[in-house]
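Listed here are the chains, written in short residue letters.
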Amino acid sequence: MGKTSKSGLGVGTGSSPQGSLSQGNVDSKVKELTKQHMIEQLTKAGVKFNQDDVLFVTKDKTDQLVWLENGNKDVGLTHIKERHFSDFIEKHGIKKDNIVEHLRFVITTGKIEYSKTTIRNGRLGYERLYNKNGQYYLLSAIGTNGFLVTAYPVSQKTANALIRRNKNG
Amino acid sequence: MGKEIVRIQLDFLQGPIWISDVETGQPMTGIDIIDNDEKLRKINYEISTLYSSYYEFDSHEQACWFNEEQEKKDKSKMLSLLKQLHDRLNELNDGSFIVEDYETERLEKL
Chain A
1 MGKTSKSGLG VGTGSSPQGS LSQGNVDSKV KELTKQHMIE QLTKAGVKFN
51 QDDVLFVTKD KTDQLVWLEN GNKDVGLTHI KERHFSDFIE KHGIKKDNIV
101 EHLRFVITTG KIEYSKTTIR NGRLGYERLY NKNGQYYLLS AIGTNGFLVT
151 AYPVSQKTAN ALIRRNKNG
Chain B
1 MGKEIVRIQL DFLQGPIWIS DVETGQPMTG IDIIDNDEKL RKINYEISTL
51 YSSYYEFDSH EQACWFNEEQ EKKDKSKMLS LLKQLHDRLN ELNDGSFIVE
101 DYETERLEKL
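Going down the list, the protein sequences come from chains A and B.
Residues in the first sequence are numbered consecutively from 1, following our numbering.
Residues in the second sequence are numbered consecutively from 1, following our numbering.
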């Protein structure tokens, strides 16, 4: 009589499928699908993007597409971290490593206090103030294509002043 | 009584006086002598407009492209404008604030 052995990763008998569903495999499958979904959304939107650099793609409560790339010292996450990481810690209690998820969270679920379209020297952009439960106020500058150029926390006092000025303007 | 800190920082559609009205360039520091000064607002707006002009969207095969070459070409102009901003802030300063400049040193190195 032969011995049966546990084979692990999806080889061997058909009655041991759970070998192929290790947590590591599941996590990387989810990541792959999420990234794929992000790329599909951006492709559908017809915008230029750097596939290897995309960190998140979302829509805010006005259905505005907003996405973030790693970028560089002037745009995107690298820029946000370099210029504003101390604001994230001081005003939102968010550390550098958590900025991406925090941005996605506030932009996706936060209330939009105002959105101001502005043209400077022919350059069109949006300034949006997001408010998550009165706890996180995030001022952001978004390109016409939905690219998140920059974002930074503001205090409640500053947010209130901005809201008074811009809400009905 | 502690002094207020006025930050000078540039970003797309913001600054250099941090925070300012995105449409008019009027500073929103909460310090009346700064926020209500028309000379300062004009300089502030001109600097912000110049800096924001370096950003292009769906350009050069990128979602957002920053024109570093133009920023270098404009270095003297920008430094001159920032000096004007500092000079005006100094004229207005009644001792209630100090200025923290995050930009001049960076620009000088361009």
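Check each hint, because a few of them may be wrong.
Here are the simulated PhoX-like pairs of lysine-lysine, each with C-alpha atoms no more than 25 angstroms apart in a straight line [claimed, not checked]:
#1 B:LYS109 / B:LYS75
#2 A:LYS73 / B:LYS72
#3 B:LYS109 / A:LYS81
#4 A:LYS95 / A:LYS73
#5 B:LYS42 / B:LYS72
#6 A:LYS116 / B:LYS109
Among the chain B residues that face chain A by a calculated CB cut under 8 angstroms, a handful are [what the hints assert, rightly or not]:
#7 ILE33
#8 ASN36
#9 GLU46
#10 THR49
#11 PHE57
Since the hints were derived computationally from the structure, they do not count as laboratory data.
As the structure is a prediction and not an experimental result, all values here were calculated from the model.
All C-beta atoms, glycine included, are put in the ideal place defined by N, C-alpha and C.
| said: Output the indices of the hints that this structure fails to meet, ascending. | reply: 6, 7, 8, 9
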